[in-house]
Structure formats: structure tokens, C-alpha cells
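Chain residues, written in single-letter form:
Protein chains: 2
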Amino acid sequence: MNALVVSIGNELLNGKTTNSNATFIGQQLADLGVALKQIVTIRDEAARIEDALTLAMRDYDTVIVTGGLGPTHDDITRKTVAAFLDTELVLNEGALARIEALFRERGREMPPINRQQAMVPASAGLLDNPLGTAPGLHFDEKDTQIFLLPGVPREMKEMMVRSVIPLLRQRLNHSPPQIHLYRTTGIVESKLYEICQSHFEKFPAYEIAFLPKFTGVDIRVAERDSDESYAEFQEGLLEIAGKYIYTQSDEEIEAVVGRLLTEKGMTLTAAESCTGGLISHRMTNIPGSSAYYLGGINAYSNEVKMNMLGVSADALKAHGAVSEAVAGEMAAGVRERLGSDIAVSTTGIAGPGGATETKPVGLVYVGFATADSVSARRFTFGRDRLLNKDWSAQAAIELLRRYLLRL
Amino acid sequence: MNALVVSIGNELLNGKTTNSNATFIGQQLADLGVALKQIVTIRDEAARIEDALTLAMRDYDTVIVTGGLGPTHDDITRKTVAAFLDTELVLNEGALARIEALFRERGREMPPINRQQAMVPASAGLLDNPLGTAPGLHFDEKDTQIFLLPGVPREMKEMMVRSVIPLLRQRLNHSPPQIHLYRTTGIVESKLYEICQSHFEKFPAYEIAFLPKFTGVDIRVAERDSDESYAEFQEGLLEIAGKYIYTQSDEEIEAVVGRLLTEKGMTLTAAESCTGGLISHRMTNIPGSSAYYLGGINAYSNEVKMNMLGVSADALKAHGAVSEAVAGEMAAGVRERLGSDIAVSTTGIAGPGGATETKPVGLVYVGFATADSVSARRFTFGRDRLLNKDWSAQAAIELLRRYLLRL
Numbered sequence: 001m002n003a004l005v006v007s008i009g010n011e012l013l014n015g016k017t018t019n020s021n022a023t024f025i026g027q028q029l030a031d032l033g034v035a036l037k038q039i040v041t042i043r044d045e046a047a048r049i050e051d052a053l054t055l056a057m058r059d060y061d062t063v064i065v066t067g068g069l070g071p072t073h074d075d076i077t078r079k080t081v082a083a084f085l086d087t088e089l090v091l092n093e094g095a096l097a098r099i100e101a102l103f104r105e106r107g108r109e110m111p112p113i114n115r116q117q118a119m120v121p122a123s124a125g126l127l128d129n130p131l132g133t134a135p136g137l138h139f140d141e142k143d144t145q146i147f148l149l150p151g152v153p154r155e156m157k158e159m160m161v162r163s164v165i166p167l168l169r170q171r172l173n174h175s176p177p178q179i180h181l182y183r184t185t186g187i188v189e190s191k192l193y194e195i196c197q198s199h200f201e202k203f204p205a206y207e208i209a210f211l212p213k214f215t216g217v218d219i220r221v222a223e224r225d226s227d228e229s230y231a232e233f234q235e236g237l238l239e240i241a242g243k244y245i246y247t248q249s250d251e252e253i254e255a256v257v258g259r260l261l262t263e264k265g266m267t268l269t270a271a272e273s274c275t276g277g278l279i280s281h282r283m284t285n286i287p288g289s290s291a292y293y294l295g296g297i298n299a300y301s302n303e304v305k306m307n308m309l310g311v312s313a314d315a316l317k318a319h320g321a322v323s324e325a326v327a328g329e330m331a332a333g334v335r336e337r338l339g340s341d342i343a344v345s346t347t348g349i350a351g352p353g354g355a356t357e358t359k360p361v362g363l364v365y366v367g368f369a370t371a372d373s374v375s376a377r378r379f380t381f382g383r384d385r386l387l388n389k390d391w392s393a394q395a396a397i398e399l400l401r402r403y404l405l406r407l
Numbered sequence: 001m002n003a004l005v006v007s008i009g010n011e012l013l014n015g016k017t018t019n020s021n022a023t024f025i026g027q028q029l030a031d032l033g034v035a036l037k038q039i040v041t042i043r044d045e046a047a048r049i050e051d052a053l054t055l056a057m058r059d060y061d062t063v064i065v066t067g068g069l070g071p072t073h074d075d076i077t078r079k080t081v082a083a084f085l086d087t088e089l090v091l092n093e094g095a096l097a098r099i100e101a102l103f104r105e106r107g108r109e110m111p112p113i114n115r116q117q118a119m120v121p122a123s124a125g126l127l128d129n130p131l132g133t134a135p136g137l138h139f140d141e142k143d144t145q146i147f148l149l150p151g152v153p154r155e156m157k158e159m160m161v162r163s164v165i166p167l168l169r170q171r172l173n174h175s176p177p178q179i180h181l182y183r184t185t186g187i188v189e190s191k192l193y194e195i196c197q198s199h200f201e202k203f204p205a206y207e208i209a210f211l212p213k214f215t216g217v218d219i220r221v222a223e224r225d226s227d228e229s230y231a232e233f234q235e236g237l238l239e240i241a242g243k244y245i246y247t248q249s250d251e252e253i254e255a256v257v258g259r260l261l262t263e264k265g266m267t268l269t270a271a272e273s274c275t276g277g278l279i280s281h282r283m284t285n286i287p288g289s290s291a292y293y294l295g296g297i298n299a300y301s302n303e304v305k306m307n308m309l310g311v312s313a314d315a316l317k318a319h320g321a322v323s324e325a326v327a328g329e330m331a332a333g334v335r336e337r338l339g340s341d342i343a344v345s346t347t348g349i350a351g352p353g354g355a356t357e358t359k360p361v362g363l364v365y366v367g368f369a370t371a372d373s374v375s376a377r378r379f380t381f382g383r384d385r386l387l388n389k390d391w392s393a394q395a396a397i398e399l400l401r402r403y404l405l406r407l
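Going line by line, the protein sequences match chains C and V.
Mapping the first sequence onto this note's numbering, position 5 (from 1) lands on 5, and the numbers just tick up by one.
Mapping the second sequence onto this note's numbering, position 37 (from 1) lands on 37, and the numbers just tick up by one.
Extracted from the complex, chain C is given alone in its bound form:
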């Protein structure tokens, strides 16, 4: 099976949007063992779409087209594909009812223009779009199967996983490789590679990819039929890099921490200065987090630190707001006042302003409090405000994870 992705959208060509959809699709196909051979990115122009479809029908057996399924005049994918495949656009009552229901749920009336999205080529199969108005479409055309998906990443991803991958899997004439994931944090990519390299070389049949994110590196291992022992591979990797690996599944580190808190029957609160609510935001991204996450105080000003967290004027005066002492008092204060078992805190200089002679941008303290102890750890991150917030929140959540593992 060989695949082509056609990404449609002016925003992908004028520098406004990076084509992360194609990356996601490439990874999903790789997981299935299907080779994505080419990505063609074009504007919402009929002639370009026809050229891409001609290429698709000539050289490929699987084609995934994204974008141009919206309701406006720019969105010509449905119309152009129908004309190219010599089929007509007809109103699909089921799709229309779905779109109307979606607007009703959101307490709004459907604008007449959205009716366009229920006009679908007569020869198409429909793919459910649980997150949006545009249904996906599926054609079997001679030796080529064509999928049309919306360009909105959340909708596209959901539909890839729910509809396209299962349909492709049915037609595979090989068994897909087994994919294993190890998600790490707290170690840079080059260092991680250095410590793992000689281990990986013992397992040449495994295809190993490093996927760096802002807050850590994922190791993706594709295992095909081979004589190599996966148990041995896994054991060795855990021995070398286990302390950086927070999960072997797809979950986020905040979900891992949530699971550990639930297992230990413990509650958490947070006092945030430089992260400004990001830790709390991430912890509450997890469904059910209200069972263990009580809340937090985002203490940006010194007054809020003193009045709401009980940070002492002495500590602020002697050490400054960005200090080990204040980080500790913040964590102890939020723990006591909100009544949780454990608490974390952050205080730092996110930048670009606020640096002093002894405290550079990127200096951050993460505090930690339990019933028995209060402590703080010093970090020096970089010069970018948003990255400093991300890294600080990640460091605090990772500290929590390591503490809970030791219990």
C-alpha cells in the first residue's frame, strides 16, 4: 500500500499555518506500516486539485485529502472532487440533520450557508465527524481509495483515528508493526540518544524514532516480525533511561500524576507565580481531576503572596520573591489554606523583564510541601517567556511524579 496526502488551504502556503496535519497522518500511516510517499500542498483552486487527483489516480492506491470542506466560497474541495469523479452533489439528509443538531446543541440556529456541508457527492460514503459540521467522505475509485477530511486539526485527527485507520487496516495485506511508546522528560534529546545508542544497536530490526516535544522526548519503537526479544529490549531500556520515562502509553504526564494521586488517595493544590496558572490548567485538563485537585492560588503580586498564601514579609524582604525561601512558604501556605495533602509552587523570572544582577531571566524555584516537609529546587531555564512557563510547570509536575512514585 502506498499513500499520498493532499493538503488543501491557502493558509498552508502563505506562511500562516504549518502543515501539522500531514505530520500526524504520516505518523498514523507509519504506525500501520503504510508508506506515505508524497505530500502535495495546494491552494483552494480547482485546477490544482484536479492535478493532484490525476497524480493520485495514476500513482497511488490510498489518498488522504484534507481541507476545503468548510461552508464558504473558498471551500471547493467537495465540488471539485465530485466533478473530477463525474458524480453529482446531492443533499444528504442525515448529514444535514447532524449539522442542524450541532448548532442546536450550541444554542444557535444553523446559518443557511452551512447547508453546503450536507451537499455530498452521490458516490461517496460518509465518515462521521464527531467534533464539527463537515462530514468526511470516502470513495473507492478504480484502484484508488480516496478520503476527504476537514482541515481543522482536531476534527481531522479524530476522524483519522476513528474512521480512516480502521478502514485501511481492513485492506492491509501485512500485519502492522507493533508500536511501543516511551515518553520521557527531564533529559535533552542528544543526551538521551547518547545513553541509549549502544542498546538500540543490539536490536537492528526495531525502527526507533525520537520525537522531541517542548517538554520532553518521546521514543517510538516500531517492532516488526523478528527474532529479537522485545522483553529484553524493554528491560534494557528501562534500566538505562527508566527514571526519565513517565509512561509507556499515550497519556500526558499530568494524567500519570492524577493516576498516582488517586492510587495513593491524596489531594493536591498549587501556588503559582511565574507559571501563572499553567500547572492548575494542565492538572484540570484531565477528566475527573476534581477528585484529587482541589484548586490553586495564582499569586502574581507580593500582596497576594502575603495575604492569600501567608508568605512572610521577612522572607520577601531578605530573599526576594524569586527565592528558595518564598517558594517553600508558597507551597506550605497553599497546602495549609486549601487543605490538601501535598502542594507545589513556582516562583521565577519568566522574562523578558524582571532580571536583576544576581537573578537572570529563566531562574525558577519549584517548591514542594507535604505534612512532614517543605523544600524547594532551583532551575535555570532559557530566555523565552512562554517556554520558561512551560518548562517550569513541567518541572513541578515531574517533581510530583517522582515524589508519588517513592511513596
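In short, the hints are calculated from the structure, not lab data.
Zero decoy hints are in this set.
Cross-link-like lysine-lysine pairs, in silico, DSS-like; alpha carbons within 30 Å at most:
(1) V:K37 to C:K16
(2) V:K16 to C:K213
(3) C:K243 to C:K191
(4) V:K213 to V:K16
(5) V:K37 to C:K157
(6) V:K157 to C:K191
(7) V:K202 to C:K79
All of these numbers come straight from a predicted model, not from anything done at the bench.
Position chain V relative to chain C; hints supplied.
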């Protein structure tokens, strides 16, 4: 001038790397007023590269190829292009000296394999690579100019800006267009299009793109030399859609609110339940936000709502935590306790759990408090937890903006 980008590299197709190089080039070209019509992303395979070059020579006058200029056996771009253009690879002494010098600077001897990178097609002009070993190449071939650049983003970007853009600028037969941006929120793309459509039709020379984001739609207007009056276009658009437009520059809505707060000399706090810290996180993403953002309380549990915000047990009992009454008390409570001029609050059912017979997932109240008044507004969003958090935070920040504009 119309342009094609050819991105070469297996990592762009197997989901490992997002093609941010093409985004960067697209933006650089758009700023010049050159239309990037297509991006073709292919593997390091000679047949694919030849296909792309055939397309380039047939349809385009400007082609920028990135990737495959490294020294290893995978890197076949130089060789393949030379063969396609019927020219020979010859050793360029200047390029060799540059590479040897670079290794010397880094205190290393040049590995013999890097000599490959000084083998360049006889008909090529060289483009200096100040950050790496592979020189860029430039061909004038019939009606098409071809640029070959390395795939390493740092090197590619530097060479685009230093060498390619100046060469393209020399050949431009137009002045670059003026780009105008209008960022909107609180209106869906289809509705926005509906109300603007007839106005846009009066200005056919303007190229208008709708760029939907999670929290709103950006309208991007490219204005070329024309007889149409931009002042008239702008005035008309503001009349039709002005109340949804929060900025005509590149800034985020939280920066707009920050600017308004600074202008009015007012301070802000937030009490967050369903958004769990996201409003606070977004407000503190803006450099200098400590001047007007004092902090917030993320009150996830009822106990925190009562103890830290002074929400009354009566209101919780009579109306439940997700109610107009509690939203109002939360805003009033955080305002008073943290001592700000104004405050916002959120309480809602983000989902997937927590719905009751009368309160569905997606029901959210946004509260608002000043010295003179306390109020709350009801919203019904969707079924997705993370989107509900995003939309609730956006609604709260937009309420703030509208309030500050009226002052």
C-alpha cells in the same frame, strides 16, 4: 512570479518532523508578494525528485528545493539535479576551502565524506551558508530559477533571508502587497462570512483569507496596487463586524485587554472553576502583565469556593456550583479578597462527566464584578472538555475587553 517549494526528506513523511521550513518560505514569499502555489514533499528518491523538477520546469518560474544536501549516501539532491539539468558535478575549490575552514574552527579535521558537499553542478551559482557546510546552489534554467538549500532549518532560514530574498527582489516586477489583519472573536466563520460577503465583493482587487483558530477567526487582507480605497474598505468592515474585531495587528486578545487595563489604570483578578487556571495562564503570557494582573484563585472544590472566595453555602445549596449566583459570588469574592478593580470568574461543566438532568456538559457561567456591580452570563458550549475550557476562557476575556472599551 509564481513559486513552488520542493521539500525533500524521509523524516517529513514518516511523521517525525513537521515541515516548518515550507511555512517559513511561504511567509517570506507572501511578504514579497510572490505567490507560493504548491509545496511538494518527497522522499530522498531520484525518481520523485525528477518528477518534481519536471513539474517545476513546466509550471513555475521560481522553485525552492530544501533538503538532501548533506554528505551521506541518502543525500542525493545535488547529484539528481545535476543529472536532470544535464550538467556535471565538479569540485568547487572555494566551497571545499570553506568546509575545511569550518571544521578547523570547530577544532576538528574534515571527514573525507564532507568533500562530497564541495562537488557542485558546473552550471550552478553558489549561495553562501554561514551556519553550515553545504553551500546553497542557484540555477537559471530556461524560464525557471531554481534554488537548492539545506534542510537544516537554521541554515535554510539564514540563506533565504541573506541570499534568496535579495535575488528574488531584484526580479520582482511589482511592489510587495500591503497586508492587513483583523482578528475577531465571538462569531463563527460561516456567520462572519455571511455578514461580510457583500462588502468584500465591492473590493475585488483585495485578496481576502479567513483563518479560523480555536477562539476566533482572523481576516487577512492583501492589498495590491489598485484604485480601490483601503480607507473605505476598512471603514465598511469596521461598521459591519467592528464589535467582533479585537485588534488590527498581530497581538493576542489578552494583550489587548492588558493594554486597555494599563490605559485605564485598572487591576484584574480571576476566580476560575471550569477553566482551572487557563484565564490566569493566558493573562500572564503577556510580558509586563504583573503591572495589572494581581493573581487568581482556581477554586475547583466547593470547599475552596467557600473558604477562599466566600461563596455562600446557601447559594451552592440552592443553585448548585454551576449557576449564575455562584459565578457572581466568585467574581465578587476574588475581587474583594485579592483587592483588584475588576474580576472575572468561570464555573461550568467542562465534561465529560458532571452533567445533571438540567445542567448539560458545556454549560458555563462567566461572572464579572466591579466596585459597582456583579453580574454573570450563561453560555452553552460543546462536548469536548479542552475546547470548553478554551471557549470559556475566551468568553471571559472578551467580556473584559468589551467592558473596558465602554469605560
